[in-house]
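Following the numbering used here, the numbering of the sequence shown begins with 1 at its first residue and continues without gaps.
What the hints contain is simulated information worked out from the structure, not anything from laboratory work.
It is possible that some hints are incorrect.
[Stated by the list, open to error] Listed next, with one range per pair, are the computed distances between beta-carbon atoms:
{"#": "1", "residue 1": "6", "residue 2": "64", "range": "51 to 59 Å"}
{"#": "2", "residue 1": "86", "residue 2": "18", "range": "33 to 41 Å"}
{"#": "3", "residue 1": "81", "residue 2": "140", "range": "54 to 62 Å"}
The beta carbon of each residue, even a glycine, is placed where N, CA and C say it ideally should be.
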Amino acid sequence: MQQAACWRVKQERVRPWLPSLHLGASGGVFGGGPGSELPNADGRGDVDLLAVWELQNLGVGHVASLRQRRSQLHQTELEMLAMRDRVAAEVATAAADVASYREQVELARGAVSLAKEAHRLIAERVRQREGRPTDLLASINTLGKALDGYTHTAAEHNRSQYRLLRAIGTAPTATE
Numbered sequence: 001m002q003q004a005a006c007w008r009v010k011q012e013r014v015r016p017w018l019p020s021l022h023l024g025a026s027g028g029v030f031g032g033g034p035g036s037e038l039p040n041a042d043g044r045g046d047v048d049l050l051a052v053w054e055l056q057n058l059g060v061g062h063v064a065s066l067r068q069r070r071s072q073l074h075q076t077e078l079e080m081l082a083m084r085d086r087v088a089a090e091v092a093t094a095a096a097d098v099a100s101y102r103e104q105v106e107l108a109r110g111a112v113s114l115a116k117e118a119h120r121l122i123a124e125r126v127r128q129r130e131g132r133p134t135d136l137l138a139s140i141n142t143l144g145k146a147l148d149g150y151t152h153t154a155a156e157h158n159r160s161q162y163r164l165l166r167a168i169g170t171a172p173t174a175t176e
């Protein structure tokens, strides 16, 4: 897009120095003579090549066209900068999300480990008749919640990795 705008600016710079070329051809029967008689009619063909230089409004029109093309080029450059900034912001946000979810996955993994250990200890106490069965049910519930939290956090981590890959322009590859 920017290359096309640059090309149009170059075109406007050289436009007054390059002529417009016109090629024409004509032919027919021509003749002449005194009165209405055409005693010497004969065929004739012409080819014309014209080179025409155009000066729009004594050069002011050309200056206006050149300024318009430069303005379009500048607008294209600004659009590219804005797009670059949007991509950079998207990449930075996605990278921060990946780092955040990576930490959350580790915390959730630790919570699952603690819930498993608590469940094991409570189950051991119940077997030794030192704990109540309701405590065992509560530890199972806590373990389930920890596993749900880990699964949710791991899924969000995977989504954030996908968003990061998309932001940097790399398509994720499926592993077989």
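*Against the structure, test the hints numbered earlier, and report the numbers of the ones violated in rising order.*
1
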